[in-house]
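Keeping their order, the protein sequence lines are chains S, E, P and W. Letter by letter, the first sequence follows residues 1 to 267 in the working numbering. Letter by letter, the second sequence follows residues 1 to 267 in the working numbering. Letter by letter, the third sequence follows residues 1 to 267 in the working numbering. Letter by letter, the fourth sequence follows residues 1 to 267 in the working numbering.
One thing to keep in mind: the hints can contain errors.
Any copy, or any two copies together, can satisfy a pair, since identical chains are not distinguished.
Unchecked claim - Straight line, CA to CA, 27 Å or less: simulated DSS-like cross-link-like pairs of lysine-lysine: (1) K78 <-> K47; (2) K36 <-> K186; (3) K36 <-> K78; (4) K235 <-> K92; (5) K235 <-> K186.
No wet-lab data here; the hints were simulated from the structure.
Number of protein chains: 4
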Amino acid sequence: MFKLAERITRENLIKNGEFLVIGGPCAVETEEQVRKVASALYDLGIKVMRGQLWKPRSSPDSFQGVGLTGLPWLQRIKEDFGMIIATEIVDKDQIEPTMEVVDVPWVGSRNMQNFELLKALRGNGTDQRPVILKRGASCTIDEWLQSADYIGRDRVILCERGIRSATDSTRYTLDLNGALVVKHDKRMPVIGDPSHPAGRADLVPALSRSIVAAGLDGLVIEVHPDPANALSDAKQQITPATFREVLGQIKAVYRAMDLSINRADLS
Amino acid sequence: MFKLAERITRENLIKNGEFLVIGGPCAVETEEQVRKVASALYDLGIKVMRGQLWKPRSSPDSFQGVGLTGLPWLQRIKEDFGMIIATEIVDKDQIEPTMEVVDVPWVGSRNMQNFELLKALRGNGTDQRPVILKRGASCTIDEWLQSADYIGRDRVILCERGIRSATDSTRYTLDLNGALVVKHDKRMPVIGDPSHPAGRADLVPALSRSIVAAGLDGLVIEVHPDPANALSDAKQQITPATFREVLGQIKAVYRAMDLSINRADLS
Amino acid sequence: MFKLAERITRENLIKNGEFLVIGGPCAVETEEQVRKVASALYDLGIKVMRGQLWKPRSSPDSFQGVGLTGLPWLQRIKEDFGMIIATEIVDKDQIEPTMEVVDVPWVGSRNMQNFELLKALRGNGTDQRPVILKRGASCTIDEWLQSADYIGRDRVILCERGIRSATDSTRYTLDLNGALVVKHDKRMPVIGDPSHPAGRADLVPALSRSIVAAGLDGLVIEVHPDPANALSDAKQQITPATFREVLGQIKAVYRAMDLSINRADLS
Amino acid sequence: MFKLAERITRENLIKNGEFLVIGGPCAVETEEQVRKVASALYDLGIKVMRGQLWKPRSSPDSFQGVGLTGLPWLQRIKEDFGMIIATEIVDKDQIEPTMEVVDVPWVGSRNMQNFELLKALRGNGTDQRPVILKRGASCTIDEWLQSADYIGRDRVILCERGIRSATDSTRYTLDLNGALVVKHDKRMPVIGDPSHPAGRADLVPALSRSIVAAGLDGLVIEVHPDPANALSDAKQQITPATFREVLGQIKAVYRAMDLSINRADLS
Chain S
1 MFKLAERITR ENLIKNGEFL VIGGPCAVET EEQVRKVASA LYDLGIKVMR GQLWKPRSSP
61 DSFQGVGLTG LPWLQRIKED FGMIIATEIV DKDQIEPTME VVDVPWVGSR NMQNFELLKA
121 LRGNGTDQRP VILKRGASCT IDEWLQSADY IGRDRVILCE RGIRSATDST RYTLDLNGAL
181 VVKHDKRMPV IGDPSHPAGR ADLVPALSRS IVAAGLDGLV IEVHPDPANA LSDAKQQITP
241 ATFREVLGQI KAVYRAMDLS INRADLS
Chain E
1 MFKLAERITR ENLIKNGEFL VIGGPCAVET EEQVRKVASA LYDLGIKVMR GQLWKPRSSP
61 DSFQGVGLTG LPWLQRIKED FGMIIATEIV DKDQIEPTME VVDVPWVGSR NMQNFELLKA
121 LRGNGTDQRP VILKRGASCT IDEWLQSADY IGRDRVILCE RGIRSATDST RYTLDLNGAL
181 VVKHDKRMPV IGDPSHPAGR ADLVPALSRS IVAAGLDGLV IEVHPDPANA LSDAKQQITP
241 ATFREVLGQI KAVYRAMDLS INRADLS
Chain P
1 MFKLAERITR ENLIKNGEFL VIGGPCAVET EEQVRKVASA LYDLGIKVMR GQLWKPRSSP
61 DSFQGVGLTG LPWLQRIKED FGMIIATEIV DKDQIEPTME VVDVPWVGSR NMQNFELLKA
121 LRGNGTDQRP VILKRGASCT IDEWLQSADY IGRDRVILCE RGIRSATDST RYTLDLNGAL
181 VVKHDKRMPV IGDPSHPAGR ADLVPALSRS IVAAGLDGLV IEVHPDPANA LSDAKQQITP
241 ATFREVLGQI KAVYRAMDLS INRADLS
Chain W
1 MFKLAERITR ENLIKNGEFL VIGGPCAVET EEQVRKVASA LYDLGIKVMR GQLWKPRSSP
61 DSFQGVGLTG LPWLQRIKED FGMIIATEIV DKDQIEPTME VVDVPWVGSR NMQNFELLKA
121 LRGNGTDQRP VILKRGASCT IDEWLQSADY IGRDRVILCE RGIRSATDST RYTLDLNGAL
181 VVKHDKRMPV IGDPSHPAGR ADLVPALSRS IVAAGLDGLV IEVHPDPANA LSDAKQQITP
241 ATFREVLGQI KAVYRAMDLS INRADLS
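Use the sequences and the hints to build the structure in full.
See the structure below:
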């Protein structure tokens, strides 16, 4: 088991010249389901797995997550696959009980301005884990960074996951412009989420490639062994087989950029 | 001189498996200026040049374009460099006088629902030139396609050039989601414009690469020999030297996709 | 018949301390239809009738208007009812043929940045008719005023008709905030259109009252003798009978404000 | 002191045919400050006072509220003026300690989808206090109602406080359309907040009148004895003197509607 002293830091995750890929299911549903994903990710060399124990849902009648029940499942995945675990924290009372298992807590889009949660994640200064902060669907760049300040800007990895626009033709609109502005002008690490803006699996590969090509620092992508029967986000999760293809595309684009592109415009 | 019978068609421009790159200044300012650009484009193997004779400007006090004065300059560029000429038509009375020089008329964002202009571009059926239809900044996919129907959907190349969103951190927000939906669901050719959504030159390379990586059919990019002194869009135009670099990036990403990416998700 | 010299001016229409009410059908369909409306308006003391000869439609397959065919119908309504006629001009070539009949040309939302049309409406300075300029659905206050500058700011009556927002629960969102800003900060006359933002007849009364109560200078409302069979905007047009009720509500609110409200906050 | 059994209910607050007016400062700053407001409200016959103990602020460097320190001040205002107290709850741990003093808890815009807070406000069923649920700045009507379902739809009073739009000319855009749709189609009580969408005091009277005229069930308005020196929202709070005028306007418009308006279109 990781001890606090051995915890990964933001600098471990976002290494200079590498591209962070986080994969995993929208929600942790069963131990079998998460192990299937973890195994597939392991085979592909992916080291960070996402998976939500608690699901913030628009409607109280929707699946709300397995909660702490799933924590030992994630613990065993850490032990068996050496996987780094990222999960969403939706309440400050979840921080302490999950502390030993969760390497990378994240704050979801709907909680980007839940300031009590942000303060709790800052804690008393001993917790140095990196925190992924997803952008609220209609929040400005300044609001996003101010929310990062609540946690501590040096621990935060920003995540662009789509804005709500007046002309949405998909679930959300991926805002690469906003992501580039925080990266370029504010020197903050930014990763992209192709799954939520797409809202449909068939557009995930194209948005994933565009995130790499824009020069962002990584992406987090929803992967499920059986998307059609997922308890949430069924339409936008991709299978491990598709993920393997997307990963090939991501690597190809990334390598092409490494070889031939002066990244001065982004750094 | 091209005759109507020799005109290029949409199929010539958007060839299967190739990526269309259109470069050129925001506005045609002087013959010397456009020749400089044309020469630089020629050296880079670019075959289609953009340049506006008429400039739709928010304020009546801004530069409105040189109008027909610049037409012979474009004509000589066609003759000397074999360049295909794309320019914006902002009034139906401009169609006839420019017919012999302009290979690819385009409709700007602000005129996407200027239906009288769209009807005039449809004409009587003898004009088979491809028409680029830029998307209105808050228009839906359906409205965009219905505007294409006014011209004739088989002649139109759609161009995503940024939407106006509630959280704009740049001039506009490039909407790859919308572009992918028209391409994927409607099987229409779509190119992207990285210059207007960026509104600043330093973000143009990143947005250009993301347009290629998303799998769109091409892009149109503003190139000016001396952006700082341009009469319009001074902040977002790039120099021929930067364009050469961007073109290298575009090609590298495009080749990477050709070699390794199953484009089934987009076609 | 009005002669140019007898034309009404903006100051005639927007009188200090009065509230301008313009009623009439979305589109002029038949002479019988417009006469029915004109007669109903006349009975209610309404002096300005709206009615479009040309209809800008998103789809080319939708009803496009009767065009010049309807002009004599409007002429006879002027003669028989003394009605002031407001109609949309969608092309510069329509200005001259309609000059003698149309007292108040208007520019629709989709043409707010059709600068060639705006320039043509400015004309050579002899045309002093008031022009209603509807706001584009995603245009800023500055863009709206700059478009007014193309026509001549002293002739223009601005009309707020709804913006396109990320959370539209109706056809558009009535933006009273924007209307108040142009009125308050820019001292421009602004009227409201309750019909298009509502997109449904049952919300028109409430939005009409809110326009009056906000202190705007008037409103333009769609009235049709048989909305269910209207050739356009069937869902949002109200009958003359409902219009009579709405007019009573408007007057009651307006009188309440006259008697008791210090309008200093708006003037 | 109120006991739980004597608590007001939603039906007490939103009475058929009456219009609810809630006034009070953005934030509780000092006992003197809130007593000044309470006294002014009392003199005007206002029975419900707002005032935030905790302030959710975009930046961690902004004033965060006096917290529980201010609770006895509010308690004494209840005792001395018989005032009903409404305050924002930003964390579930605040519910219990404030239970005896706070008659009407509210959920702010940024927490509309903080589902853990919503669940805590539902509690175990013994708490029957009305809860004001402000709309998130880019949330749809459906999301708003689903959030109400977390608390219990029969206890919730919805509050429209402005959306973030692509063309904001003020702090937010008051969305009467959305408010009317929830009232009309969903039969939910809806009040309006003129202060936050305005973001400037001089537009508050006009927006207040438009909220009444639209037929909403009430409004909540920020009143401060010395707005220029307020610790938050300094620009948009109005003085008790201005509030007296606005209240006169509200009553005049409301009475005009009572006397002459068939409210069938809204009920």
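Taking the hints in turn, this is what the structure says about them:
Proximity of K78 and K47 under a CA criterion of 27 Å is satisfied intra-copy only: 10 Å inside one chain copy versus 55 Å between copies. When the C-alpha separation of K36 and K186 is checked against a cutoff of 27 Å, the pair qualifies neither within a copy, at 38 Å, nor between copies, at 36 Å. With identical chains, the CA atoms of K36 and K78 are at most 27 Å apart within one copy only, with a shortest distance of 13 Å there and 59 Å across copies. Taking CA atoms no more than 27 Å apart as the test, K235 paired with K92 passes in neither setting, with 30 Å inside one copy and 33 Å between copies.
Taking the shortest Cα distances, K235 and K186 sit within 27 Å of each other only across copies (20 Å), while inside one copy they are farther apart (34 Å).
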